[in-house]
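Residue numbers (my numbering), protein chains in the order written: chain A, 1 to 310; chain B, 1 to 120.
Heads up, some of the hints might be wrong.
Once the Cα atoms are required to be at most 30 Å apart in a straight line, the calculated DSS-like pairs of lysine-lysine come out as [what the hints assert, rightly or not]:
id, chain 1, residue 1, chain 2, residue 2
1, B, Lys95, B, Lys36
2, A, Lys147, B, Lys36
3, B, Lys76, A, Lys71
Think of the hints as simulated: they come from the structure by calculation, not from any bench.
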Amino acid sequence: MTERDDGLNRRKVLECMTWAGTGVLWTIAGGVPASLGIIDDAVAAQQKGFTFLQISDSHMGFDKPANPNVKATLEEAIARVNALPVKPSFMIHTGDISHLSKPSEFDDADRIISQARMDVHYVPGEHDLLDEDQGKLYRDRYGRGSKGAGWYSFDADGVHFIGLVNVVDLKAGGLGNLGNEQLEWLENDLKGRASSQPIVVFAHIPLWTVYPDWGWGTQDGARALGYLKKFGSVTVLNGHIHQVMQKVEGNVTFHTARSTAFPQPAPGTAPSPGPMKVPEDKLRTVLGIASVTFKQNEQRLAIIDTPLQG
Amino acid sequence: MATMITRSLTKCLIAGVTAVLLLAATPAQAADVAVKIGNFTFGPQEMKVKAGTTVTWTNEDDIPHTVVSPNNFRSKVLDTDDKYAFTFTTPGTYKYFCSLHPHMTGTIVVEAATGSVASP
Numbered sequence: 001m002t003e004r005d006d007g008l009n010r011r012k013v014l015e016c017m018t019w020a021g022t023g024v025l026w027t028i029a030g031g032v033p034a035s036l037g038i039i040d041d042a043v044a045a046q047q048k049g050f051t052f053l054q055i056s057d058s059h060m061g062f063d064k065p066a067n068p069n070v071k072a073t074l075e076e077a078i079a080r081v082n083a084l085p086v087k088p089s090f091m092i093h094t095g096d097i098s099h100l101s102k103p104s105e106f107d108d109a110d111r112i113i114s115q116a117r118m119d120v121h122y123v124p125g126e127h128d129l130l131d132e133d134q135g136k137l138y139r140d141r142y143g144r145g146s147k148g149a150g151w152y153s154f155d156a157d158g159v160h161f162i163g164l165v166n167v168v169d170l171k172a173g174g175l176g177n178l179g180n181e182q183l184e185w186l187e188n189d190l191k192g193r194a195s196s197q198p199i200v201v202f203a204h205i206p207l208w209t210v211y212p213d214w215g216w217g218t219q220d221g222a223r224a225l226g227y228l229k230k231f232g233s234v235t236v237l238n239g240h241i242h243q244v245m246q247k248v249e250g251n252v253t254f255h256t257a258r259s260t261a262f263p264q265p266a267p268g269t270a271p272s273p274g275p276m277k278v279p280e281d282k283l284r285t286v287l288g289i290a291s292v293t294f295k296q297n298e299q300r301l302a303i304i305d306t307p308l309q310g
Numbered sequence: 001m002a003t004m005i006t007r008s009l010t011k012c013l014i015a016g017v018t019a020v021l022l023l024a025a026t027p028a029q030a031a032d033v034a035v036k037i038g039n040f041t042f043g044p045q046e047m048k049v050k051a052g053t054t055v056t057w058t059n060e061d062d063i064p065h066t067v068v069s070p071n072n073f074r075s076k077v078l079d080t081d082d083k084y085a086f087t088f089t090t091p092g093t094y095k096y097f098c099s100l101h102p103h104m105t106g107t108i109v110v111e112a113a114t115g116s117v118a119s120p
C-alpha cells in the first residue's frame with residue numbers, strides 16, 4: 001500500500017501480474033504521467049465517449065505554508081478545465097470545498113468553480129460540516145434534492161451516479177461512516193437496475209481501506225460495495241487523501257483524486273497525514289484535476305489525472 | 001559536603017511543606033493541565049487528574065481538530081493555535097476523540113479531589 005510509482009521495478013511488475021492472476025490488480029500509481037502523448041490519448045477518448053470531471057479538496061480558507069494561496073490554485077484548476085478541447089458534461093466535487101465551513105469560504109469556491117460554467121454535483125467532506133448546525137450551511141447551499149446528510153443519485157448518458165456522505169456521525173476510533181439509513185437507501189436505489197448499467201459512486205473519504213492508521217477508509221464501506229457486486233462496471237471516486245491512488249478489484253475500479261489545495265504524504269511516510277510542504281516550484285505538480293471518460297461497451301472508465309503543472 | 005546536602009534537604013523540606021500548605025489551603029484547586037494536539041494525536045494520550053482540574057487542549061496542527069466526549073463535552077472546531085478548556089468536576093473515566101479524525105482518541109481519568117496531595 002505504501003509503494004509508489006517510482007518504486008515500480010521488475011519484481012513489482014511481476015508481483016502485480018501475480019495479483020492479476022488471482023483477480024486483484026493493484027495499480028499503485030502517482031498518477032498517469034501527463035506527457036503530451038497521454039493528453040492526446042485523453043483528448044481522443046473524450047471525442048468518442050462521454051466525459052465528466054472530478055475536482056476535490058479545494059479547502060478554501062486554508063492559508064498554511066503547504067499552500068498559502070488556495071484560491072489561486074483552484075483558479076488554475078478551473079482554467080485547466082476550461083482549456084479542455086471537449087467540454088465535459090458536468091463536474092463532481094468530492095468534498096472539502098471549504099476549510100472551516102465559513103460562508104465566505106463557500107462563496108469563494110462558488111465564485112471560482114462557477115467560471116467553468118457547468119453543473120457541479122457535490123458531496124461534503126468533514127471540513128464542510130463545521131458550522132454550528134453541523135452541516136446546515138452545506139445542505140442549504142449544495143444539498144437541494146438530496147436525502148439525509150446530503151446523499152443522492154442521478155442518471156447521465158446511461159450511467160447511474162450515486163453521491164454518498166461518509167463524513168457524518170463518525171465514531172471514536174473508527175473510520176469514515178455511511179450509516180444504516182444511507183445504506184438502506186443505497187440498497188433501494190440499486191434495486192431493479194440492470195446489472196449492465198455502469199455505476200459511478202462518489203464520496204469524500206475512500207470507500208476502500210487505504211490506510212486505517214490515518215483513518216483513510218470507510219468502516220461500513222464493504223456493505224455498500226456488497227450492494228454493487230452484481231454490476232458489471234463500478235467506478236468509485238473519492239478525495240480526502242490529496243493524492244492519486246487506484247485499485248482495481250473485480251469489476252470495481254477505485255480511484256482518488258488530487259486536491260486543488262495542498263498535497264498529503266503517502267500512507268505511512270510521515271508522522272501524520274497533515275499538509276505536506278513541498279518546494280514552491282513542485283506544488284503544482286502534486287495538485288490537479290481528474291477527467292473520467294465513459295465509452296459504450298467498455299467495462300472500465302478511463303480516468304486521466306492531470307496535474308496543474310508538469 | 002555533608003552540610004551542603006543537609007542545607008539542600010532543608011530547603012527541599014521547606015519547599016515541600018510550603019507546597020503542602022498551599023494545597024491544603026486551596027483544596028478544590030487542582031493544578032491545571034495542558035494537552036497538545038499535534039501530528040493528529042493528543043499528547044499525552046492518557047492523563048490522570050484530580051476533580052476540579054481544568055484541562056486545556058491546544059491545536060498545534062495545520063489542520064483543524066475537535067475534542068469530543070459524547071454526552072460530556074464537545075469543543076467547537078479548533079483551528080491552528082485555538083484552545084479548548086474543560087473543567088472536570090466529577091470523578092470518572094472520560095474517553096474523547098476528534099470528530100473529524102476519529103482515529104485520534106484520548107482519555108482523561110478524573111480522581112476524587114480528596115486523598116493524596118500529589119499533583120498530576
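Open item on the list: For each hint given before, does the structure comply? Return the numbers of the non-compliant ones in rising order.
Closed with: 2
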